[in-house]
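Visitor: Chains as they are written, first to last, in our numbering: chain A, 155 to 265; chain B, 46 to 160.
Do not rely on the hints blindly, as some may be mistaken.
Non-contacting residues of chain B with respect to chain A, defined by C-beta distances greater than 12 Å in every case (computed) [unchecked claim]:
id: 1; residue: 127
id: 2; residue: 128
id: 3; residue: 136
id: 4; residue: 140
Sample of chain B residues facing chain A (criterion: CB under 8 Å; computed from the structure) [said to hold, decoys possible]:
id: 5; residue: 58
id: 6; residue: 61
id: 7; residue: 73
id: 8; residue: 79
id: 9; residue: 130
id: 10; residue: 132
id: 11; residue: 138
id: 12; residue: 145
Straight-line C-alpha distance at most 25 Å; calculated BS3-like pairs for lysine-lysine [said to hold, decoys possible]:
id: 13; chain 1: B; residue 1: 111; chain 2: B; residue 2: 59
id: 14; chain 1: B; residue 1: 86; chain 2: A; residue 2: 264
id: 15; chain 1: A; residue 1: 196; chain 2: B; residue 2: 65
id: 16; chain 1: B; residue 1: 86; chain 2: A; residue 2: 196
id: 17; chain 1: B; residue 1: 111; chain 2: A; residue 2: 252
id: 18; chain 1: A; residue 1: 252; chain 2: B; residue 2: 109
id: 19; chain 1: B; residue 1: 86; chain 2: A; residue 2: 252
id: 20; chain 1: B; residue 1: 59; chain 2: A; residue 2: 156
Hint data in this document are derived by calculation from the structure and do not stem from the laboratory. Every residue, glycine too, gets a C-beta built ideally from N, C-alpha and C.
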Amino acid sequence: QKEVEQDPGPLSVPEGAIVSLNCTYSNSAFQYFMWYRQYSRKGPELLMYTYSSGNKEDGRFTAQVDKSSKYISLFIRDSQPSDSATYLCAMSGAAGNKLTFGGGTRVLVKP
Amino acid sequence: GAVVSQHPSWVICKSGTSVKIECRSLDFQATTMFWYRQFPKQSLMLMATSNEGSKATYEQGVEKDKFLINHASLTLSTLTVTSAHPEDSSFYICSARVVVSYEQYFGPGTRLTVT
Chain A
155 QKEVEQDPGP
165 LSVPEGAIVS
175 LNCTYSNSAF
185 QYFMWYRQYS
195 RKGPELLMYT
205 YSSGNKEDGR
215 FTAQVDKSSK
225 YISLFIRDSQ
235 PSDSATYLCA
245 MSGAAGNKLT
255 FGGGTRVLVK
265 P
Chain B
46 GAVVSQHPSW
56 VICKSGTSVK
66 IECRSLDFQA
76 TTMFWYRQFP
86 KQSLMLMATS
96 NEGSKATYEQ
106 GVEKDKFLIN
116 HASLTLSTLT
126 VTSAHPEDSS
136 FYICSARVVV
146 SYEQYFGPGT
156 RLTVT
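When you get a sec, could you build the whole thing from the sequences and use the hints?
Guide: So this is what it looks like as structure tokens:
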């Protein structure tokens, strides 16, 4: 069993819909949680960085962390075709330590 | 802010030759940088952690004599693939850690093709 599980998708939604992404993890030592967006043949782009449980909002993005359930989520509101990409969750046990990545979810936003 | 560059973006080399990839943090200092490898439609695989002024820490299964890492300054880390073979063909990505916030920012990646 992988330390971080993420549905590979693809997840197809119409433009304007809410995109809901999630990851589950098994290592209770993870304290820092990140979401990255990666376009094909490009490096990942940091979207959200959160610590411990709770919600964090930034523009159209909302990240949720539930440490008791070992479950994190990313919501994208008012999705655009430009949001079509692979979304990777990542986490670490301490600030700045090496990241453990999920396998990524491919998202397609159709106009 | 928090921009990381990589050079070259794409390189083709012949089997047996060595290739150097540079990773630079352009607007911040990074005491720690990470090197990843990514195969098509797969997630990132951490190869090594590079700390400024000290030896890199390699992940299990990564040949340190084949993938030489140097982190000589707070803004530059290099990965040299020595005696490259076709199986080394891959997408190599670096990330740099911001000292204050611990966020990690990634470079655009380098596509290596060994013929």
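Visitor: It remains to establish, for every hint, whether it holds in the given structure.
Guide: Hints, verified against the model:
1. 127: 23 Å, holds
2. 128: 26 Å, holds
3. 136: 7 Å, violated
4. 140: At roughly 8 Å from the nearest Cβ of chain A, residue 140 of chain B sits no farther out than 12 Å, so the non-interface label is violated.
5. 58: 19 Å, violated
6. 61: 26 Å, violated
7. 73: Interface hint status for residue 73 of chain B: violated (13 Å vs cutoff 8 Å).
8. 79: 6 Å, holds
9. 130: Hint on residue 130 of chain B: violated, closest Cβ of chain A at ~22 Å, above 8 Å.
10. 132: 20 Å, violated
11. 138: OK, holds: residue 138 of chain B within 8 Å of chain A, min 5 Å.
12. 145: Interface hint status for residue 145 of chain B: violated (10 Å vs cutoff 8 Å).
13. B:111 with B:59: The given pair, whose Cα atoms are some 16 Å apart, holds under the 25 Å limit.
14. B:86 with A:264: 21 Å, holds
15. A:196 with B:65: 19 Å, holds
16. B:86 with A:196: Since the Cα atoms of residue 86 of chain B and residue 196 of chain A sit roughly 12 Å apart, the hinted pair holds (cutoff 25 Å).
17. B:111 with A:252: 21 Å, holds
18. A:252 with B:109: 18 Å, holds
19. B:86 with A:252: 21 Å, holds
20. B:59 with A:156: 36 Å, violated
Violated hints for the displayed structure, listed by number in ascending order: 3, 4, 5, 6, 7, 9, 10, 12, 20.
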